[in-house]
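> Chains as they are written, first to last, in the numbering used here: chain A, 798 to 894; chain B, 2 to 239; chain C, 102 to 345.
Hints were generated in silico from the structure; no laboratory data involved. Where hints are given, some of them may not hold.
Stated by the list, open to error - So the derived label-pair ranges between C-beta atoms look like this:
| # | chain 1 | residue 1 | chain 2 | residue 2 | range |
| --- | --- | --- | --- | --- | --- |
| 1 | C | H157 | B | R83 | 27 to 33 angstroms |
| 2 | B | I129 | C | R146 | 54 to 60 angstroms |
| 3 | B | V19 | C | E141 | 33 to 39 angstroms |
Said to hold, decoys possible - As a list, the in silico DMTMM-like pairs of lysine to aspartate or glutamate whose alpha-carbon atoms are at most 20 angstroms apart:
| # | chain 1 | residue 1 | chain 2 | residue 2 |
| --- | --- | --- | --- | --- |
| 4 | C | K337 | B | E220 |
| 5 | C | K337 | B | D84 |
| 6 | C | K125 | C | D220 |
| 7 | C | K337 | B | E224 |
| 8 | B | K145 | C | D209 |
| 9 | A | K839 | A | D865 |
| 10 | C | K203 | C | E164 |
| 11 | C | K337 | B | E194 |
| 12 | A | K839 | A | D802 |
| 13 | A | K839 | A | D875 |
| 14 | C | K125 | C | E245 |
| 15 | C | K337 | B | E195 |
| 16 | B | K145 | C | E287 |
| 17 | C | K178 | C | D188 |
| 18 | C | K178 | C | E245 |
| 19 | C | K203 | C | E287 |
| 20 | C | K337 | B | D182 |
| 21 | A | K839 | A | E819 |
| 22 | A | K839 | C | E149 |
| 23 | A | K839 | A | E859 |
| 24 | C | K125 | C | D186 |
None of the values given here were measured: they were computed from a predicted structure. Glycine is no exception: its CB is placed at the ideal position from the N, C-alpha and C atoms.
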Amino acid sequence: MWVNDEAAAALGLKNGDLVLLENQDGVRSGPVRVRATPRIRKDAVYLVHGFGHRGSRLSRAEGRGASDNLLITRYRLDPISGGAGMRVNFVRLIREV
Amino acid sequence: MATRTVRWVLRYRPGQRVVHWLHTGAFFVLLITGLALIWPPLSFLAAGGLSRLLHRVAAVIFLLTPALYALLDFRGLRDLIRDSFTYTREDLEWLKGFPGYFLGRTSHLPPQGRVNAGQKIHHALTIIAYFAISGSGLALWLGKGSLGPTGLLAATLVHDLSMALMAILTVGHIYFTFVYDALPAMTTGYVSEEYARMEHALWLASIPQEPPYVIEVQEEIPEPRRVPGARAEEEAVG
Amino acid sequence: MARLAMLIDLSRCLGCQACVIACKAGRELAPGERWVEIREVVWGRFPELRGAFVPHRCFHCAEAACVQVCPTGALYKRDGFTLVDFDRCSGCGYCVEVCPYKVPRLVDGRVSKCASCLDLVQRGEEPWCVRTCPAGALQCGTREEILAEARARVAALRDRYPEAQIYGETQMGGLGVIMVLPTPPETLGLPAQPQVPPLVLWKGGAQPLSLGALALSVLTSGIAFFIARRRHLEEKRNSQNHGE
Numbered sequence: 798m799w800v801n802d803e804a805a806a807a808l809g810l811k812n813g814d815l816v817l818l819e820n821q822d823g824v825r826s827g828p829v830r831v832r833a834t835p836r837i838r839k840d841a842v843y844l845v846h847g848f849g850h851r852g853s854r855l856s857r858a859e860g861r862g863a864s865d866n867l868l869i870t871r872y873r874l875d876p877i878s879g880g881a882g883m884r885v886n887f888v889r890l891i892r893e894v
Numbered sequence: 002m003a004t005r006t007v008r009w010v011l012r013y014r015p016g017q018r019v020v021h022w023l024h025t026g027a028f029f030v031l032l033i034t035g036l037a038l039i040w041p042p043l044s045f046l047a048a049g050g051l052s053r054l055l056h057r058v059a060a061v062i063f064l065l066t067p068a069l070y071a072l073l074d075f076r077g078l079r080d081l082i083r084d085s086f087t088y089t090r091e092d093l094e095w096l097k098g099f100p101g102y103f104l105g106r107t108s109h110l111p112p113q114g115r116v117n118a119g120q121k122i123h124h125a126l127t128i129i130a131y132f133a134i135s136g137s138g139l140a141l142w143l144g145k146g147s148l149g150p151t152g153l154l155a156a157t158l159v160h161d162l163s164m165a166l167m168a169i170l171t172v173g174h175i176y177f178t179f180v181y182d183a184l185p186a187m188t189t190g191y192v193s194e195e196y197a198r199m200e201h202a203l204w205l206a207s208i209p210q211e212p213p214y215v216i217e218v219q220e221e222i223p224e225p226r227r228v229p230g231a232r233a234e235e236e237a238v239g
Numbered sequence: 102m103a104r105l106a107m108l109i110d111l112s113r114c115l116g117c118q119a120c121v122i123a124c125k126a127g128r129e130l131a132p133g134e135r136w137v138e139i140r141e142v143v144w145g146r147f148p149e150l151r152g153a154f155v156p157h158r159c160f161h162c163a164e165a166a167c168v169q170v171c172p173t174g175a176l177y178k179r180d181g182f183t184l185v186d187f188d189r190c191s192g193c194g195y196c197v198e199v200c201p202y203k204v205p206r207l208v209d210g211r212v213s214k215c216a217s218c219l220d221l222v223q224r225g226e227e228p229w230c231v232r233t234c235p236a237g238a239l240q241c242g243t244r245e246e247i248l249a250e251a252r253a254r255v256a257a258l259r260d261r262y263p264e265a266q267i268y269g270e271t272q273m274g275g276l277g278v279i280m281v282l283p284t285p286p287e288t289l290g291l292p293a294q295p296q297v298p299p300l301v302l303w304k305g306g307a308q309p310l311s312l313g314a315l316a317l318s319v320l321t322s323g324i325a326f327f328i329a330r331r332r333h334l335e336e337k338r339n340s341q342n343h344g345e
């Protein structure tokens with residue numbers, strides 16, 4: 798998960814640390830590793846899509862990483878096109894110990 | 002046919018002989034598979050990694066030879082190392098007479114101990130080359146990815162030059178073995194008393210003159226042979 | 102054939118990896134083996150970010166270190182490219198150590214690197230990567246054509262990229278892959294002037310010296326043997342007659 802490096806330092810996080818994400822509705826993700834980088838803005842984090850599977854038969858993928866899908870509990874609709882904006886959820890970072 | 006009593010002197014114990022031939026076998030496999038990388042007529046061995054595999058198998062044997070020596074005949078290993086690095090004034094005298102020794106004469110040399118000065122130098126250089134070639138060889142084998150161009154150049158130079166040293170020492174070793182009929186020392190373990198007297202008189206005098214150090218064997222008296230360029234007549238020995 | 106070269110224009114590369122896949126498929130590489138890699142290089146801080154996609158692949162150096170060091174001659178130069186005779190490769194891995202760009206890998210006990218699609222070019226076709234690139238970043242032709250094209254592209258890039266330059270004209274005696282860089286090489290992880298140590302010390306120095314010394318010792322011993330043997334036997338006979 799990309800976190801702005803200055804924001805990460807302020808949170809006491811460094812590259813490779815494991816964190817959980819909890820959104821505004823209390824949904825928690827699986828653990829995911831921090832990538833502290835100057836390439837992202839300070840008020841956003843970026844998750845690679847396609848992880849955090851829960852299927853028990855996905856022997857290699859089950860429980861690995863965090864699912865962006867499950868954290869999207871709210872969305873906004875564009876009033877003209879009807880397109881869905883999904884990046885309107887906010888998360889807390891919880892250090893995984 | 003008449004016989005005579007000939008005395009044979011124990012020179013190398015079984016453990017020493019085993020180690021010698023194991024080392025020899027490994028060395029020649031290493032030499033040939035190594036030459037495959039620098040001598041074009043042998044480069045066909047390298048294709049597909051055949052020489053690489055054989056080189057590594059033989060290398061493990063080569064590397065373990067001193068440990069095996071310590072296990073089989075620790076006294077032999079200890080004597081080898083001690084004698085090879087202990088030099089006296091007699092050794093210097095002997096070395097001055099080396100050209101004559103190279104061309105088949107020993108009578109002008111001072112009496113020698115168990116190993117003569119030439120052998121000491123051969124052993125010492127072999128031991129030093131052993132460490133150089135093993136170290137550089139292990140670097141080339143296991144250091145993949147961490148050597149870099151300079152490390153690779155250094156390792157191959159050390160490896161190449163120690164190989165050349167050991168190979169030339171081996172040529173000399175084989176040469177002297179056959180000039181002086183020393184092969185039985187490493188096959189049967191024994192040398193003739195005559196050889197011991199001519200080559201290592203001090204050593205002969207220092208060992209017990211009884212079995213198993215000195216044994217007596219009945220031998221047929223050989224017919225006198227004509228040797229080209231020698232005197233025409235000889236008195237029969239006996 | 103004339104001396105050939107390839108052009109890679111980093112200002113156009115999208116990082117789509119199509120060249121990577123086309124090469125794997127066209128040359129039927131082993132699973133996990135690839136001859137072209139695309140590395141993403143980024144610097145700066147959001148929102149002032151700069152970057153490029155930099156190819157990591159054989160640059161076909163004119164004075165290739167791998168060719169200098171290869172013990173079996175499996176690596177060799179032809180028509181401006183560094184070719185590979187995979188059957189000759191001994192798997193020693195010296196090329197891996199010595200390449201200043203760290204390009205060659207060992208796969209299945211043999212060297213793995215772009216061997217150039219010279220066979221296709223000689224038939225009038227384009228290399229797999231060149232024919233696949235959707236952005237027009239790759240070209241193949243004679244070295245003169247490629248250098249002229251590179252200079253033209255650099256000139257056209259200058260207003261957007263004031264530091265645009267050619268890479269590969271002089272490095273390692275001249276690279277067979279000429280690159281158009283939007284920014285200086287150091288910013289993209291490319292060494293400005295890669296150096297290799299004098300490998301000729303081994304190939305041209307220690308090797309012939311060792312072989313020559315060995316041959317000389319064999320010859321000398323061979324000749325001396327007959328003299329020495331005779332003299333030794335003589336001495337033995339004399340001591341037998343005068344001794345015991």
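> Run every hint past the structure and note whether it holds.
Hints and how they fare:
For the hinted restraint 27 to 33 angstroms between H157 (chain C) and R83 (chain B), the CB-CB distance of approximately 55 angstroms leaves it violated. About 57 angstroms separates the C-beta atoms of I129 (chain B) and R146 (chain C), a value consistent with the hinted range of 54 to 60 angstroms. V19 (chain B) and E141 (chain C) have their C-beta atoms about 60 angstroms apart, which leaves the hinted 33 to 39 angstroms range violated. About 18 angstroms separates the Cα atoms of K337 (chain C) and E220 (chain B), which keeps this hinted pair within 20 angstroms; it holds.
At roughly 27 angstroms between alpha-carbon atoms, K337 (chain C) and D84 (chain B) are farther apart than 20 angstroms, so this suggested pair is violated. Simply put, K125 (chain C) and D220 (chain C) have alpha-carbon atoms about 16 angstroms apart, close enough for the 20 angstroms limit, and the pair holds. Among the hinted pairs, K337 (chain C) with E224 (chain B) is consistent with the structure: their alpha-carbon atoms are about 16 angstroms apart, no more than 20 angstroms. Restraint check for K145 (chain B) and D209 (chain C): satisfied, since their Cα atoms lie roughly 15 angstroms apart, inside the 20 angstroms limit.
A C-alpha spacing of about 19 angstroms is found between K839 (chain A) and D865 (chain A), which places the hinted pair at or below 20 angstroms, so the restraint holds. In summary, the hint linking K203 (chain C) to E164 (chain C) is supported, as the alpha carbons are separated by about 15 angstroms, within the 20 angstroms threshold. Distance hint between K337 (chain C) and E194 (chain B) is fulfilled; the C-alpha atoms sit about 12 angstroms from each other, no more than 20 angstroms. A hinted pair counts as satisfied when its Cα atoms are at most 20 angstroms apart, and K839 (chain A) with D802 (chain A) qualifies at roughly 8 angstroms.
Proposed proximity of K839 (chain A) and D875 (chain A) is contradicted: the alpha carbons are some 25 angstroms apart, above 20 angstroms. As the CA atoms of K125 (chain C) and E245 (chain C) are separated by approximately 29 angstroms, the hinted pair breaks the 20 angstroms bound. Simply put, K337 (chain C) and E195 (chain B) have alpha-carbon atoms about 8 angstroms apart, close enough for the 20 angstroms limit, and the pair holds. Using a Cα cut-off of 20 angstroms, the hinted pair K145 (chain B) and E287 (chain C) is violated, with the two alpha carbons roughly 26 angstroms apart.
With a CA separation close to 16 angstroms, the supplied pair K178 (chain C) and D188 (chain C) stays within the 20 angstroms bound. Note on K178 (chain C) and E245 (chain C): the hinted pairing holds, with a Cα-Cα distance of about 18 angstroms set against a maximum of 20 angstroms. Of the supplied pair hints, the one linking K203 (chain C) and E287 (chain C) holds, its CA atoms being roughly 16 angstroms apart against a limit of 20 angstroms. A distance of roughly 11 angstroms separates the Cα atoms of K337 (chain C) and D182 (chain B); the hinted pair therefore holds under the 20 angstroms criterion.
Annotation: proposed proximity of K839 (chain A) to E819 (chain A) holds, straight-line Cα distance about 18 angstroms (limit 20 angstroms). Our distance criterion of 20 angstroms between C-alpha atoms is met by K839 (chain A) and E149 (chain C), whose separation comes to about 14 angstroms. Only pairs whose Cα atoms come within 20 angstroms are accepted, and K839 (chain A) paired with E859 (chain A) is rejected, the gap being roughly 30 angstroms. At most 20 angstroms may separate the alpha-carbon atoms for a hinted pair to count; K125 (chain C) and D186 (chain C) meet this at roughly 18 angstroms.
Checked against the numbered hints above, the structure breaks hints 1, 3, 5, 13, 14, 16, 23 and satisfies the rest.
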